[in-house]
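Below, each chain spelled out in residue letters.
Number of protein chains: 2
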Amino acid sequence: MNIPRTSFPRVVIVGGGFAGVALAKKLSKQEVQVVLLDKHNYHTFQPLLYQVSTGGLEPDSIAYPIRKILKDFPNFFFRLASVEEIDTKKNKVKTNIGELKFDYLVVASGSKTNFFGNSEIEKHSMAMKTIPQSLNLRSLILENFEDALLTSDLNERNALMNFVIVGGGPTGVELAGALAEIKKGILPKDYPDLDTRLAQIHIIQAGDCILKGMSAKASQKAEDFLEKLGVNIWKNVRVTSYDGKTVSTDTDLTFETATVVWAAGVKGATIKGLDAEDYVTRGNRITVNEYNQVQGFKHIFAVGDIACMTSDEHPYGLPMMAQPAIQQGEQLGNNLLRIIENKPLKSFKYKDKGAMATIGRNKAVVDLKNWKFQGVFAWYVWMFVHLFFLIGFRNRMVVFVNWVYNYVRFDREARLIIRPFKSIHKD
Amino acid sequence: MNIPRTSFPRVVIVGGGFAGVALAKKLSKQEVQVVLLDKHNYHTFQPLLYQVSTGGLEPDSIAYPIRKILKDFPNFFFRLASVEEIDTKKNKVKTNIGELKFDYLVVASGSKTNFFGNSEIEKHSMAMKTIPQSLNLRSLILENFEDALLTSDLNERNALMNFVIVGGGPTGVELAGALAEIKKGILPKDYPDLDTRLAQIHIIQAGDCILKGMSAKASQKAEDFLEKLGVNIWKNVRVTSYDGKTVSTDTDLTFETATVVWAAGVKGATIKGLDAEDYVTRGNRITVNEYNQVQGFKHIFAVGDIACMTSDEHPYGLPMMAQPAIQQGEQLGNNLLRIIENKPLKSFKYKDKGAMATIGRNKAVVDLKNWKFQGVFAWYVWMFVHLFFLIGFRNRMVVFVNWVYNYVRFDREARLIIRPFKSIHKD
Chain A
0 MNIPRTSFPR
10 VVIVGGGFAG
20 VALAKKLSKQ
30 EVQVVLLDKH
40 NYHTFQPLLY
50 QVSTGGLEPD
60 SIAYPIRKIL
70 KDFPNFFFRL
80 ASVEEIDTKK
90 NKVKTNIGEL
100 KFDYLVVASG
110 SKTNFFGNSE
120 IEKHSMAMKT
130 IPQSLNLRSL
140 ILENFEDALL
150 TSDLNERNAL
160 MNFVIVGGGP
170 TGVELAGALA
180 EIKKGILPKD
190 YPDLDTRLAQ
200 IHIIQAGDCI
210 LKGMSAKASQ
220 KAEDFLEKLG
230 VNIWKNVRVT
240 SYDGKTVSTD
250 TDLTFETATV
260 VWAAGVKGAT
270 IKGLDAEDYV
280 TRGNRITVNE
290 YNQVQGFKHI
300 FAVGDIACMT
310 SDEHPYGLPM
320 MAQPAIQQGE
330 QLGNNLLRII
340 ENKPLKSFKY
350 KDKGAMATIG
360 RNKAVVDLKN
370 WKFQGVFAWY
380 VWMFVHLFFL
390 IGFRNRMVVF
400 VNWVYNYVRF
410 DREARLIIRP
420 FKSIHKD
Chain B
0 MNIPRTSFPR
10 VVIVGGGFAG
20 VALAKKLSKQ
30 EVQVVLLDKH
40 NYHTFQPLLY
50 QVSTGGLEPD
60 SIAYPIRKIL
70 KDFPNFFFRL
80 ASVEEIDTKK
90 NKVKTNIGEL
100 KFDYLVVASG
110 SKTNFFGNSE
120 IEKHSMAMKT
130 IPQSLNLRSL
140 ILENFEDALL
150 TSDLNERNAL
160 MNFVIVGGGP
170 TGVELAGALA
180 EIKKGILPKD
190 YPDLDTRLAQ
200 IHIIQAGDCI
210 LKGMSAKASQ
220 KAEDFLEKLG
230 VNIWKNVRVT
240 SYDGKTVSTD
250 TDLTFETATV
260 VWAAGVKGAT
270 IKGLDAEDYV
280 TRGNRITVNE
290 YNQVQGFKHI
300 FAVGDIACMT
310 SDEHPYGLPM
320 MAQPAIQQGE
330 QLGNNLLRII
340 ENKPLKSFKY
350 KDKGAMATIG
360 RNKAVVDLKN
370 WKFQGVFAWY
380 VWMFVHLFFL
390 IGFRNRMVVF
400 VNWVYNYVRF
410 DREARLIIRP
420 FKSIHKD
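Those sequence lines, one after another, are chains A and B.
Using numbering that gives the first Met the number 0, the letters of the first sequence correspond one by one to residues 0 to 426.
Using numbering that gives the first Met the number 0, the letters of the second sequence correspond one by one to residues 0 to 426.
Bear in mind the hints are in silico, worked out from the structure with no lab data behind them.
Just so we're clear, the structure is a prediction, and the values are computed from it rather than from any experiment.
Idealized CB from N, CA, C, for every residue including glycine.
Be aware that one or more of the hints could be misleading.
[Claimed, not checked] Label pairs and their calculated CB-CB ranges:
1. B:Val403 x A:Glu30: 51 to 59 Å
2. A:Arg395 x B:Arg281: 46 to 54 Å
3. B:Asn95 x A:Glu83: 37 to 45 Å
4. B:Thr250 x A:Asp192: 53 to 61 Å
5. A:Pro73 x B:Ile423: 28 to 36 Å
6. B:Lys89 x A:Gly229: 39 to 47 Å
7. A:Ile2 x B:Asn361: 34 to 42 Å
8. B:Phe7 x A:Gly229: 29 to 37 Å
In isolation and in its complexed conformation, chain A is listed as follows:
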């Protein structure tokens, strides 16, 4: 890789998600050279991916060019690259575009969908962790309705209009709510020649409640909201297989469907060289100490979803969400400067700012530390917080315009099949 060596120490960051970008910003005006590697040239605002999948937002409004985030910072280099291996002995990363030596390495590679080793489910179901995946899901949903018009086989038509979401976490809940609103507000107008009342939306949840990480009140209220919207919630049911037609479970229940969205879990996106048992723990995450250092190294770190930092309060590591990632990225930025200045490190303390999920129009649940609330006000808070955390003024404006429009018109206009999923991805 063509990156000049300067007298500044070089920090290589793998991944431009919440953690990687927060860290890079902290280091931006300091006497370090920062090299950020990512396989996309943009940062993705993952919490809003479900709105891309359901036509509420354009993909471009929740993504932001990484080069632009850091354009005014000297000593910053971005390279579009997939990291293939980390050589911890020679202190270099191997990528598809060549090798690079580092003085400090930060793994911020995030997480990926966890299919728990079931390759049949992986093959046939949809994930929603990246923009291309969300666009694939958008296309599939729309193509299913176009196909439903063509068949005279009632079972097939029903399967095309059935949507099974596996996992009742925030992603599953928010997607189910959005699909329910599409069923109610858009399908009858778009497909007058189809009985869209037959469209069904199912959430299958292995545990005994949805939104497990939130308060009992939030979980119960979210369930009420979803039921009001006509979503079917199946609790204590575990999906065992899906062959592209039938979802089987560990109960008598089966579902005939052309669309399964797998939102049942994520795991750390480990990289060769740091994927051995010595480093990796529960959830495929890399064990780190309170300074985000990887075991056995003083100059190799992990932050965000990929890092498992345990404490009494979080014996299995911090939740794999934006907030811990941003906070760890910022803290590590400060710590790296302390290392360079030969000062003692400060340990990371997670500030839990609460959690929230939106179910639909005027329906959201918010858990703050001392205040838990649901409904219309929660929905405004949810929107405000998401607009605030979006990167870029233009993105905020465009998302805001879309939300106002969607609210006033009960509509979602970005329902275009630009990347036909079936013809490109299916055999």
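Since chain A is already given, all that's left is putting chain B on it; use the hints.
Only chain B this time, still in chain A's reference frame:
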């Protein structure tokens, strides 16, 4: 195809472009059944495709779901289908999703890029007639700069930063202007470790002026604007080949480049069954009479780019642009109703509303019938007219927000490689 027969006559429209949509709207509340077929589920506002290619606009803001345009109209059916053949004897269309009988057929299949039979150029160069093509071009441009960072071969780096546009019509001119503004305003910030002054933009024009269809004044002024922006215009030069590396011409000039955009011409997108010599004329267009009827038929019509309607003023047919398409679509809608009511048909009269092209910030040229002007005011007129003709309030708002943002900030934020072109499309 599952479309119920009613007592109303059935009008099948092939293509949801400007002509097809204008026609469908005219027929919307009448006693006819309208079936619109298109291989995309959205209408594309083609005049702004170059802004998608250059990161100024999101694709979703210049496309509009066809079902939504016509959602409130009874007796309207849309099917996502490619028409493969027209059987003029049995009065039916054959598509990839089955056959359909028609009482009246309107071919509004538009035009496609004309490579004049040069398959080598077709293989290696980029077209810009559809949203997927524009997104491919956007990705290629961005990928080229990422790749330019990686090579230490100066010739290769220059080739990656050279852009050759073949054809000096509105598409070529507008794209060249946008690329020049990116070179000036965005590249130096995004790629500080690359000498982006080396990036070159060339327009190769076979004739002796650009914007041939417009006034001499507009053409000259556009040329001045482009030269001020640093675009190289090569007139009276004809491209003879491009092998993916070198553009050869009928002069001594050659160009080393990784990107050729072919904007040198379009031809009618004919369909089997109406593609024989009896029907097809210059430019691969279907000859029609003053009622848009195809020769030999009273119930088969062609409108828009695909239709060649000649007159003393337009001996080679009307220009292949939005205005004639919209006017023909509307007129044919009225004529179809006259046919059904057994009234005499009215002949089509083209109202030339003028032409315009934008070159960049504050730089546009406008030819109206009695008034030709250039510069800042022309630029405002250009923007106003394009916003006005965009379909959909949300699209107008989003485009407007983007334009204001881009103007104030000298920026174009939609520069995301969402569909990597090189890894997907190249061998």
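Hint by hint, here is what the structure shows:
1. B:Val403 x A:Glu30: 51 to 59 Å: 38 Å, violated
2. A:Arg395 x B:Arg281: 46 to 54 Å: 51 Å, holds
3. B:Asn95 x A:Glu83: 37 to 45 Å: 41 Å, holds
4. B:Thr250 x A:Asp192: 53 to 61 Å: At roughly 58 Å between Cβ atoms, A:Asp192 and B:Thr250 fall inside 53 to 61 Å, so the hint holds.
5. A:Pro73 x B:Ile423: 28 to 36 Å: Since the Cβ atoms of A:Pro73 and B:Ile423 sit about 35 Å apart, the hinted range of 28 to 36 Å holds.
6. B:Lys89 x A:Gly229: 39 to 47 Å: 45 Å, holds
7. A:Ile2 x B:Asn361: 34 to 42 Å: 38 Å, holds
8. B:Phe7 x A:Gly229: 29 to 37 Å: 35 Å, holds
Checked against the numbered hints given earlier, the structure breaks only hint 1 and satisfies all the rest.
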